[in-house]
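A.B. asks: Please put together the full structure from these sequences, using the hints given.
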Amino acid sequence: MALVIIRTAIIFVTLLVIMRLMGKRQIGEMQPFELVITLLIAELACIPMADSSIPLLYGIVSVLTIFVLHELFSLIDLKVKPLKAFISGKPSVVVNKNGIDDYQLKRNNLDVSDLIESLRSAGYFSLDCVDYALYESNGTFSALPRENYEEMQTSLPLVVIDNGKFDEKNLSLMGLSKEFFGKILEQEGVTKVKKVLVLTADGAGKLYLQVKNQKYRVLHTEYPEGKVW
1 MALVIIRTAI
11 IFVTLLVIMR
21 LMGKRQIGEM
31 QPFELVITLL
41 IAELACIPMA
51 DSSIPLLYGI
61 VSVLTIFVLH
71 ELFSLIDLKV
81 KPLKAFISGK
91 PSVVVNKNGI
101 DDYQLKRNNL
111 DVSDLIESLR
121 SAGYFSLDCV
131 DYALYESNGT
141 FSALPRENYE
151 EMQTSLPLVV
161 IDNGKFDEKN
171 LSLMGLSKEF
181 FGKILEQEGV
191 TKVKKVLVLT
201 ADGAGKLYLQ
211 VKNQKYRVLH
221 TEYPEGKVW
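Residues 1 to 229 in our numbering are what the sequence shown spells out, letter by letter.
Be a bit skeptical, because a hint or two may be false.
[Stated by the list, open to error] Beta-carbon label-pair distances, calculated as ranges:
#1 39 <-> 80: 21 to 31 Å
#2 51 <-> 123: 46 to 56 Å
#3 10 <-> 82: 39 to 49 Å
#4 46 <-> 214: 48 to 58 Å
No lab work stands behind these hints, which were simulated from the structure alone.
Please read these numbers as outputs of a predicted model, since none were measured by experiment.
Glycine residues also receive a C-beta, built at the ideal position from the N, C-alpha and C atoms.
C.D. replies: So, in structure tokens, the structure goes:
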């Protein structure tokens, strides 16, 4: 038992020193290669701690090797620009002046619901209240709001259509039918629901409509029986 405690303490001190040498970003937002290295270090450290038949030196050498690889990749990331995008990735602009960039979302294995969730987390509830939004290479989300964007968020928008499909749950919450929104789409020249990337509606009657491969539109309507939420 004492041997296990001593081996664990040695590995702990080694890891602490290595993580400090790797820099502050290693304990904050990480690039993809840094995440891989961190996971490997954790796995390599567990083996000699749990199995006393493995020489402790093997675990320390493995961790030090990972540290050297980290420093090498960090140097490449800083000095060799063509490889930087391959190693660390690059930011993806998912919202621009035309609306949502569906191609960029798919490249990052995201959908409109993921984007809306990120926007809400950043304090933006309406899709039209930001000019630009992007995911950084380390996965963090940031957005550039439009001027006076607070005035554009008078009510909580709900998703009506997401990637060509009606959201039955939200329709039920709003107390509105597919036919109601279908007529609005027809008035806008949209003949098939499958062509709609996203349609949201807020309680004040503001609609955000974006047809696939087209610029978004902001519409205003009145709900039957004066519905609001």
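A.B. asks: Could you run down the list of hints and mark each one as holding or not?
C.D. replies: Against the structure, the hints come out as follows:
Restraint check, residue 39 to residue 80: a C-beta distance of roughly 24 Å satisfies the suggested window 21 to 31 Å. At roughly 49 Å, the beta carbons of residue 51 and residue 123 sit within the given window of 46 to 56 Å. Take residue 10 and residue 82: their Cβ atoms lie about 41 Å apart, and the range 39 to 49 Å holds. For the pair residue 46 and residue 214, the beta carbons lie near 52 Å from each other, so the given range of 48 to 58 Å is met.
Of the numbered hints stated above, none is contradicted by the structure.
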